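Working from the sequences, and respecting the hints, build out all of it.
Residue numbers (my numbering), protein chains in the order written: chain A, 140 to 435; chain B, 309 to 1052; chain C, 1361 to 1528.
Keep in mind that a hint or two might mislead.
In silico DSSO-like cross-links for lysine-lysine, where the CA-CA straight-line distance does not exceed 30 Å [to be verified]:
id, chain 1, residue 1, chain 2, residue 2
1, A, Lys186, B, Lys423
2, B, Lys423, A, Lys190
3, A, Lys298, A, Lys406
4, B, Lys741, A, Lys378
5, B, Lys566, B, Lys423
6, A, Lys186, B, Lys376
7, A, Lys319, B, Lys741
8, B, Lys680, B, Lys465
9, A, Lys212, A, Lys369
Calculated Cβ distances over 12 Å to all of chain C for the following chain A residues [claimed, not checked]:
id, residue
10, Val206
11, Arg286
12, Asp317
13, Ile351
14, Phe374
15, Arg381
16, Ala397
In case anyone wonders, no lab produced these hints; they're calculated from the structure.
Values in this document were obtained by computation on a predicted structure and should not be read as measured data.
For every residue, glycine included, the Cβ atom is placed at its ideal position computed from N, Cα and C.
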Amino acid sequence: MRAFIPGYQLITPESLDQALTLLAQEPGRWRPFAGGTDLMVLLEAGKLPHKNYVNIWSVQELHGISVTDSTVKIGALTTYSEIQAHPVLQLEFRMLCIAASETGGLAIQNRGTIGGNIVNASPAADSPPALLAYDAQLELVSTKGGRRIPYSEFHRGYKEMDLGEDELLASIYLPRSDTKLIQYYRKVGTRKAQAISKVCFAAVADVRDSTIETVRIALGSVAPIPLRCKATESFLEGKLIRESFIELAQSELGREIAPITDVRSTKEYRLQVSQNLLEEFLRSFNTLRYESPISL
Amino acid sequence: MNDADKNLMGASAPRKEGRKKVTGAALYIDDISFPGMLYGVTVRSPLARGRVNNISFTGDLPWDEITKVTAEDIPGENYVALILNDQPYLAKDIVNHPEEPLLLLAHENEYLLEKARRSVRIEIEELPAVLNLEDSLNRKHVIWGSDNVFKSFLVNKGDVDQAWSRAAFVIEGTYETGAQEQLYIENNGVIAVANERDGVTVWGSMQCPYYVHKALVKLFNLPEEKVRVIQTETGGGFGGKEEYPSLIAGHAALLAWKSGRPVKVIYDRAEDMVATTKRHPSRTQHRTAVDANGKLLAMEIGFVIDGGAYCTLSPVVLSRGTIHAAGPYYSPNVRIRSSAVATNTPPQGAFRGFGAPQSIFALERHFDRVAKTIGLSPEEFRRRNFIRRGETTATNQVIQEEVDLSALLDRALNLSNYYEKRERFEKENSHSKIKKGVGFASFMHGAGFTGSGEVYLASVVGLEASADGLVRVLSASTEIGQGTNTIFCQIAAETLDLPYESIEITQPDTSVVPNSGPTVASRTCMIVGKLVESAALSLKQTLIGSGLLREGYSPAEFKQACADFHKRFGPLRATSKYQPPENVFWDDEKYQGDAYGAYAWAVYVAEVSVDMYTYEARVEDFVALQEVGKVINPVLAAGQIEGGVAQAIGFTLFENVVWQDGRMVNNQMTNYIIPTAADIPPIHVYFEENPYPFGPAGAKGIGELPMDGGAPAILNAIENATGISFTQVPLMPEMLMNGLGRSE
Amino acid sequence: MDYSITPIAVSLTVNGQSQTVEAFPMERLLDVLREQLRLTGVKEGCGEGECGACTVVFNGEIVNSCLIPMAQVDGSEITTIEGVALADGQLNRVQQAFVEFGGAQCGICTPGMVLAAMNLLERNPHPSESEIRDGLAGNLCRCTGYMKIFEAVLHACESQKEDTLPQN
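Below, the structure is given as structure tokens:
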């Protein structure tokens, strides 16, 4: 344990307003602290230079999942366990439930939050590719009010995001769909459970009469940010599904991602596996690959 | 000992200290605190090799409150007494590996202490370092001794040189294994109390209290009775706490000596992984001559292991790896040349198997290659060459017991549905993105110390009975999860005709227990357990001989007899000292003769699947069949096999030490991957029993055996699944991908 | 507002007993349990939320206590391994099964593993082996190879004795 604990402050605001006021008062001084499953690990490794945190765990407005006809709204402080337990998410947003079930072990899932995962901005995070494939929107709030942005525009560079120092991520919105979408999620990690991903692939497709009407493909661990692969999507959209263009799509993907070699894996592996998963995704259109329902 | 009414041998008596462990009452070293205790930390070298020019203390910290210890403060010898005594407790001016200890600090506030550790500035001038086996062998720089070689062996049987020209086939191969971290879930830790007047007392997580004792005697230049070492509940060892605790204990004791206060040194996971010993990386070269009938004519083996910066136990690891290198086969001609060499990396050390997993991996991979080359199935090639009673091993040991390895192999292949699966997978693989395969490894593991090692150890066990009839076992053998406490109590109870519950284990404390040798080498049940049995017999005979007890007594009568004995004669105690079996000969110079008293024999079969999209290999099913003399406690014995197989699976597919400039950079559990409950296949364990006359109830040692066969069985299965031969472990998906790519 | 870093008072219920402790806001729950409350059954294996040796039950759910800062503990209910034996000191069915079926070897992962197993059975009284594997995937064991832990949990399911985490 390598932190000088007495040097860290973690204060608990009485309300969302108070939390936002604090963030606005001294921009950059305070950072939010949610479930702690990322920040405490950095703390204990002696790698948390920032010292002042505001404990937003108790802010009620940031918890809870609510459903309308068109949208599911997920509070930023929703835990991975809560995500997996929600019936509408299980039915309509299964990839997010799978991602939540593969993030750490149960003890992590009980404390880790979707908002913390997004704002921690690791390119290897498990939920962001699913959120990108679902075309999620984020709601950011501050003392100045709230704003909504597409999640695909949130990450700008490695650990750089469209989030002001005075802003908090409040909610994630997932648009519901009437059409039956093909959903494919696969995380390739260092082992079967409790693993950081080497490649993470999430995609949805609307396929009618063997034609790809729309497709959204997102990958983790192959770029400085969780990446929507729009060039690959453009290549595939409107096309009749044929064996011959799988390789072309793979080349397109290969040009779009930027994997690196690090302590967990190599650039070559990440590239090849990303392309293989694209192939597996495209081939799944015939068999409509579904995972069995998530149950705790 | 007669057979009637005996039912403890072969019974799964519940774990002696089990209740403590499931209620959180078991006290490990970090659970213990002393009044006035300070915490201690180690300041370590940032470079692989260098000259330290200056150490300064920076930052706004109360440095005068902080105890500092350097090499200058050592009262006795600045080396860890082991084999060659080359490893300093604290480096003086030259450092030889990253994380080498330079300086020790202590203070009562752990947070402040950590800050202090980070505020020490070390001015160090870099020296050229040797960071891998090749560079060491080629003497890119000489960094140890005159030639970087800690130790070499030459084993010569027959005359291999005349075999090559006669052979129908000559097959070569090179095989490599990487480092492996023991990753006991309890980190290394020690508490020490030390001063000139009273001496040194150390409590800690360890396997060998007397090793630590010997080392501290030299470090402090104290008489033996002024050093006391006590083992606390130990959360896993696997060899990682065989010799390493001598170093951390010395550090804590030096801080205690200087500060006058008790000092606790506990590593966090990052430190434990980066600084302590690991399994020796290895490279084995095979050259094998086979005749037209598939019989072995000659085996020439070159075996090299990377020992890190200091000698530690490398000669003994090398020894075991060398002796096991030719496996359970008969070859008339064998030559094994082996060496352990130095690199500027943290010293490697003991880890379950101790050289054998490395050389057996090479052999069992190579023999599948030999079989393929000459056109025999892997199993048929083995059958034609398995050693039998009356035949000689590579060291010319004559196998005395009746061993039928062909039958063992056949049984293992049947139990695992090997043939059916092989046939089915061949058909299914052609139209599946998941390729499946089966493979096996046949091997043996010698238990106890090599050759005359047990004679040299001269182990002693004591047994005493109180006036209340409570019997205590006195030995230095430690419980580290493998079941020492339980087995010893079973053996004593069985021998004394008493209930299991009435036998207790004395906490291993060098001021109380005799030296029964280290808890290593799969010797605890076979060698020390036998001493428990004979001490118990001796105690029984003492009571009967004194006329206070008659054969066929009841526990109540035993209790009464103890009371009477105490009143009449005083303490009731028996000791037993190791006696080697007769007709065991070993030539340490020529490395010839009876290397081990007993071998356990095994065949392991692995079923794997390889995902061709992600190149991940998974073990789907595993059969572990072994002949072990006698199973004393089925639950414990199976537990040893299952645990060892899990570690072997980790060694093969998951555990990759990533080195950079001689340092392990993935020293966190997040990035050094051991299998979780979701990664382990069903492991099916089967035992056969061919009693070893000199083991308790016929038992042979089994602790390390399960580490030996997993890696080659799995890689043989991967070759069956993919057609590609891989020759190194760990085999990560990235390497599998490269191998598959090259074949397209 | 005064933001200087001083220890805070935290009220918590541990194994049914109300306590108030003083701790730094970022101090780990693990350290407070072990050092202030002397509940040394909770272990530190990795300090990074990977091994599960520090598992405790926190407001009904299992968590890694090495990742919980004290500022988030006020008003919480915590159960450690010291709090799960039956009222008369007898081992509960999971603990008993671990002892009998070899679920514990060196014992350092055992407190966390037992709590995780109890929590699993509370949520799913008759898990399949695959569900047991997933339920325990966050608790690393280096000794057993997990097989006897699965056996112990399966046997605990079959046991007739009615017990859940004690209601104190």
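Against the structure, the hints:
Restraint check for A/Lys186 and B/Lys423: the C-alpha separation of about 13 Å stays at or below 30 Å, so the hint holds. Distance restraint check for B/Lys423 and A/Lys190: the Cα-Cα separation of roughly 15 Å lies within the 30 Å cut-off, and the hinted pair is therefore satisfied. Between A/Lys298 and A/Lys406 the CA atoms are separated by roughly 20 Å; this keeps the pair inside 30 Å, and the hint holds. A hinted pair counts as satisfied when its Cα atoms are at most 30 Å apart, and B/Lys741 with A/Lys378 qualifies at roughly 25 Å.
Of the pairs offered as hints, the one joining B/Lys566 and B/Lys423 holds, with about 21 Å between alpha carbons and a cut-off of 30 Å not exceeded. Among the hinted pairs, A/Lys186 with B/Lys376 is consistent with the structure: their alpha-carbon atoms are about 26 Å apart, no more than 30 Å. Taken as a hint, the A/Lys319 and B/Lys741 pair is honoured in the structure, with Cα atoms around 27 Å apart against an allowance of 30 Å. Straight-line distance between C-alpha atoms of B/Lys680 and B/Lys465 comes to about 26 Å, which keeps the hinted pair within the 30 Å bound.
A hinted pair counts as satisfied when its Cα atoms are at most 30 Å apart, and A/Lys212 with A/Lys369 qualifies at roughly 25 Å. The non-interface label for A/Val206 is consistent with chain C: the shortest C-beta to C-beta separation is roughly 23 Å, beyond 12 Å. At roughly 27 Å from the closest C-beta of chain C, the C-beta of A/Arg286 stays outside 12 Å, upholding its exclusion from the interface. The beta carbon of A/Asp317 sits about 33 Å from the closest Cβ of chain C, which is more than 12 Å, so the claim that it is off the interface holds.
Non-interface call for A/Ile351 relative to chain C: holds, since the shortest CB-CB distance, roughly 34 Å, exceeds 12 Å. Non-interface call for A/Phe374 relative to chain C: holds, since the shortest CB-CB distance, roughly 37 Å, exceeds 12 Å. No Cβ of chain C approaches the Cβ of A/Arg381 within 12 Å, the least distance being about 38 Å, so the stated non-interface status holds. No Cβ of chain C approaches the Cβ of A/Ala397 within 12 Å, the least distance being about 28 Å, so the stated non-interface status holds.
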